[in-house]
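**Q** Chains U and H, in that order, give the protein sequences.
Everything in the first sequence is counted per my numbering, starting at 1 for the first residue and increasing by one.
Everything in the second sequence is counted per my numbering, starting at 1 for the first residue and increasing by one.
In short, the hints are calculated from the structure, not lab data.
Virtual Cβ for every residue (Gly too), placed ideally from N, Cα, C.
Some hints could be false.
[What the hints assert, rightly or not] 30 Å max Cα-Cα, derived DSSO-like pairs, lysine-lysine:
#, chain 1, residue 1, chain 2, residue 2
1, H, K115, U, K17
2, H, K216, U, K17
3, U, K272, H, K115
4, H, K48, H, K216
5, H, K277, U, K226
6, H, K158, U, K51
7, H, K53, H, K277
8, U, K139, H, K19
9, H, K53, U, K223
10, U, K235, U, K139
11, U, K139, U, K226
12, U, K223, H, K277
13, H, K115, U, K139
14, H, K216, H, K115
15, U, K139, U, K51
16, U, K226, U, K17
17, H, K19, U, K235
18, U, K223, U, K235
19, U, K139, H, K53
20, H, K19, U, K108
21, U, K51, U, K235
22, U, K272, H, K216
[Unchecked claim] Over 10 Å on every C-beta distance to chain U, these chain H residues come out as not near it, computed from the model:
#, residue
23, L83
24, L135
25, R160
26, M200
27, Q212
28, D246
For reference, the chains in residue letters:
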Amino acid sequence: MAHSSRPHSSRHRGEWKTHAALSLAVFLVSAPLIFAVIKSTQVSSDVLSPKLMPGGAFLDNLRNVWTDAHLGRYMLNSLIVAFCVTTGKTILSLLAALAFVYFRFPLKGAAFVLVLLSLMLPTEVLIIALFDLVSRDLKWADTYQAIIIPFLASATGTFLFRQHFMNIPASLADAARIDGCGPLRFLTAVLVPMSWNTVGALAVIQFVYAWDQYIWPLVIMQKDDKQVVQVGLRKLIEVGGQTDWGAVMAGAIVTMLPPLIVFTLLQEQFSKGFALTEDK
Amino acid sequence: MIKPRQAAPDNGEERAVFKGVALPWVFLLPTLLILAVFIYLPALRTLKLAAYKANVILGTERFVGLANFAELLSSPAYRQVALQTFIFMLLTVSLGLLLSITLAWLASRPIRGAKTYRLLLIYPYALSPAIAGTLWLFLFNPEIGVVNQMLGAAFHVKPRWLDTPLLAFGLVTLAAIWKGLAYNIVFYLASIQNLPGDVMEAAEIDGASPAQVFWKVAFPLLTPITFFLVFTNIISALFDSFALTDILTRGGPYYHNAGITTFLVYQLYQDGFVNFKTGAAAAQAALMLALVAFVTWMQFRLGEKRVHYGA
Numbered sequence: 001m002a003h004s005s006r007p008h009s010s011r012h013r014g015e016w017k018t019h020a021a022l023s024l025a026v027f028l029v030s031a032p033l034i035f036a037v038i039k040s041t042q043v044s045s046d047v048l049s050p051k052l053m054p055g056g057a058f059l060d061n062l063r064n065v066w067t068d069a070h071l072g073r074y075m076l077n078s079l080i081v082a083f084c085v086t087t088g089k090t091i092l093s094l095l096a097a098l099a100f101v102y103f104r105f106p107l108k109g110a111a112f113v114l115v116l117l118s119l120m121l122p123t124e125v126l127i128i129a130l131f132d133l134v135s136r137d138l139k140w141a142d143t144y145q146a147i148i149i150p151f152l153a154s155a156t157g158t159f160l161f162r163q164h165f166m167n168i169p170a171s172l173a174d175a176a177r178i179d180g181c182g183p184l185r186f187l188t189a190v191l192v193p194m195s196w197n198t199v200g201a202l203a204v205i206q207f208v209y210a211w212d213q214y215i216w217p218l219v220i221m222q223k224d225d226k227q228v229v230q231v232g233l234r235k236l237i238e239v240g241g242q243t244d245w246g247a248v249m250a251g252a253i254v255t256m257l258p259p260l261i262v263f264t265l266l267q268e269q270f271s272k273g274f275a276l277t278e279d280k
Numbered sequence: 001m002i003k004p005r006q007a008a009p010d011n012g013e014e015r016a017v018f019k020g021v022a023l024p025w026v027f028l029l030p031t032l033l034i035l036a037v038f039i040y041l042p043a044l045r046t047l048k049l050a051a052y053k054a055n056v057i058l059g060t061e062r063f064v065g066l067a068n069f070a071e072l073l074s075s076p077a078y079r080q081v082a083l084q085t086f087i088f089m090l091l092t093v094s095l096g097l098l099l100s101i102t103l104a105w106l107a108s109r110p111i112r113g114a115k116t117y118r119l120l121l122i123y124p125y126a127l128s129p130a131i132a133g134t135l136w137l138f139l140f141n142p143e144i145g146v147v148n149q150m151l152g153a154a155f156h157v158k159p160r161w162l163d164t165p166l167l168a169f170g171l172v173t174l175a176a177i178w179k180g181l182a183y184n185i186v187f188y189l190a191s192i193q194n195l196p197g198d199v200m201e202a203a204e205i206d207g208a209s210p211a212q213v214f215w216k217v218a219f220p221l222l223t224p225i226t227f228f229l230v231f232t233n234i235i236s237a238l239f240d241s242f243a244l245t246d247i248l249t250r251g252g253p254y255y256h257n258a259g260i261t262t263f264l265v266y267q268l269y270q271d272g273f274v275n276f277k278t279g280a281a282a283a284q285a286a287l288m289l290a291l292v293a294f295v296t297w298m299q300f301r302l303g304e305k306r307v308h309y310g311a
């Protein structure tokens, strides 16, 4: 019994350890979320106690933040912004990649460098001048376009689609052109159907990125009715006096749902889109 | 950001099949226009603003040349902020990647339920830094947070997590690592699944222990992705930490010359939008632009030299 001669035994023992390590990791990663879910269901007196039994007050807690603290309004704003940014970025990146891969034109290299270099200039760093430009020159403060339009171009998306298109056989484009198919039709009828994994992976990244926007809406949106939900969370916490933690946790749970839903729906494409990046 | 891949194998196929000189520019126009107006113009304006000192009360602007930069670099508070940002970055990148590669490796083993483990490790990708800050703020609340309630019951201690400099710094670092795990694991999982399985099997048959297979065979093959993640993690330590610190600690508690969890972007925001020192904030932005340019340049330079992409 002590020493099994079968080579499998050591592997089997190792497997048990792997399970233990992974379970612990999964628990630690999820613990703050599990805790938030439990607390979001408790009545306020239980929320402040060490009690870890779920209660039945989730809807009451949610109601407290949904209308009183404008969470519903913030959620709607974030949904509008994230949807527009994701769609816009995908379309503009597809068009840009189409130009870079299927056309030969003067100054192509320069245009490419211009897109490439934008990766070095994160919004967070440009925020002083961007605020100046958007609020003073464009007078866009407190408008949706202030938090949508500056984010519609995507260097990441352009590169990913460009790379993907370059792995598609050139003969396909030749055939399309000979058939009298223009570039836009080639894009919608041939390239896009062949690019769903890339589109899906990008959609997840861009939706999550747009949904997580924080510093820019914080400075450019002074009016509450246009504010996004991430900044809204901050307002829930800093209400004068006692923070209603049960309500805040209910709010946090609801706030993480949209990206989680997008992620779940596109999970397959998301993983494949990345796996593909390693293919030749 | 997405992993920049090596150029596709150029097998002599020409893809530039469509004719027209104006048409490609029409396709590129929306992207280039937005980049020009909302990225390049603000970048230039940042440099200009950095050379001026604005007085909000009087509404005046005065050209001061490089004085804003000189002031920043000689300010003990700013130097402390830069140093603690660097330490924070070093800790989150190294510990975060070590933890991620270990977990991704374990979750890639051919064990039962591996797929479930993988999913449970990557779903927190959908969690925002602001939510991370909110959850940790509640967990580590000194009075009603569950962590102190447990510590109090077990050891009769209730650390003031958010008011004690060292604890606050550690807490923000841990929260950032926790927040970053899922992103890193996604990339490691994708790379591990693309490793040549036969090579590792051969090593195992030759009697290599699992640890040896990992360090001697898999780890070297994972250097390209590790390399890529080091740089994306540096960038996210610099920028994504804003929402986390803003909600969790508000940049504090105070230590020596500045708040211990005041990192570069937080300082920039404070000076620009709370203290209204536009010139100083723009100068900080210019310094940060130089920093990001340096990091990106290193990435391309080292990336070309080193790593062997693909299997």
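**Q** With reference to the structure, classify each hint as holding or not holding.
**A** For each hint, the structure was consulted:
At most 30 Å may separate the alpha-carbon atoms for a hinted pair to count; K115(H) and K17(U) meet this at roughly 17 Å. Between K216(H) and K17(U) the alpha-carbon distance is near 21 Å, which keeps this suggested pair within the 30 Å criterion. Between K272(U) and K115(H), the direct Cα distance comes to roughly 14 Å. Compliance with the 30 Å bound is thereby established for this hinted pair. Pair hint K48(H) plus K216(H) does not hold up; C-alpha atoms about 52 Å apart against a cutoff of 30 Å.
Pair hint K277(H) plus K226(U) holds up; C-alpha atoms about 27 Å apart against a cutoff of 30 Å. The hinted pair formed by K158(H) and K51(U) meets the criterion: a straight-line CA distance of about 18 Å does not exceed 30 Å. Annotation: proposed proximity of K53(H) to K277(H) holds, straight-line Cα distance about 8 Å (limit 30 Å). Taken as a hint, the K139(U) and K19(H) pair is broken in the structure, with Cα atoms around 40 Å apart against an allowance of 30 Å.
Distance restraint check for K53(H) and K223(U): the Cα-Cα separation of roughly 29 Å lies within the 30 Å cut-off, and the hinted pair is therefore satisfied. Restraint check: the Cα-Cα separation between K235(U) and K139(U) comes to about 25 Å, which is no more than 30 Å; the hinted pair holds. For the given pair, K139(U) sits about 15 Å from K226(U) by alpha-carbon distance, which is consistent with the 30 Å threshold. Taken as a hint, the K223(U) and K277(H) pair is honoured in the structure, with Cα atoms around 23 Å apart against an allowance of 30 Å.
A distance of roughly 50 Å separates the Cα atoms of K115(H) and K139(U); the hinted pair therefore is violated under the 30 Å criterion. Our distance criterion of 30 Å between C-alpha atoms is met by K216(H) and K115(H), whose separation comes to about 25 Å. With a C-alpha separation of about 50 Å, the suggested pairing of K139(U) with K51(U) is violated against the 30 Å cut-off. Taking the CA atoms of K226(U) and K17(U), the gap is about 50 Å. The hint is violated against a cut of 30 Å.
Of the pairs offered as hints, the one joining K19(H) and K235(U) is violated, with about 54 Å between alpha carbons and a cut-off of 30 Å exceeded. Among the hinted pairs, K223(U) with K235(U) is consistent with the structure: their alpha-carbon atoms are about 13 Å apart, no more than 30 Å. Proposed proximity of K139(U) and K53(H) is supported: the alpha carbons are some 23 Å apart, at most 30 Å. With a C-alpha separation of about 14 Å, the suggested pair K19(H) and K108(U) falls inside the 30 Å cut-off, and the hint holds.
A C-alpha spacing of about 26 Å is found between K51(U) and K235(U), which places the hinted pair at or below 30 Å, so the restraint holds. Of the supplied pair hints, the one linking K272(U) and K216(H) holds, its CA atoms being roughly 27 Å apart against a limit of 30 Å. Even its closest Cβ contact with chain U, about 19 Å, leaves L83(H) beyond 10 Å, as expected for a residue assigned away from the interface. Interface exclusion of L135(H) from chain U breaks down, the closest Cβ pair being 4 Å apart, not more than 10 Å.
Listed as outside the interface, R160(H) is consistent with that label: its C-beta sits roughly 17 Å from the nearest C-beta of chain U, beyond the 10 Å cut-off. The claim that M200(H) is not at the interface with chain U holds, since no C-beta of that chain comes within 10 Å of its own (minimum 14 Å). Under the 10 Å C-beta cut-off, the non-interface status given to Q212(H) relative to chain U holds; the minimum distance is some 13 Å. D246(H), annotated as away from the interface, has a beta carbon of chain U within 10 Å; the closest lies near 7 Å.
Violation of the numbered hints given earlier is confined to hints 4, 8, 13, 15, 16, 17, 24 and 28; the remaining hints are satisfied by the structure.
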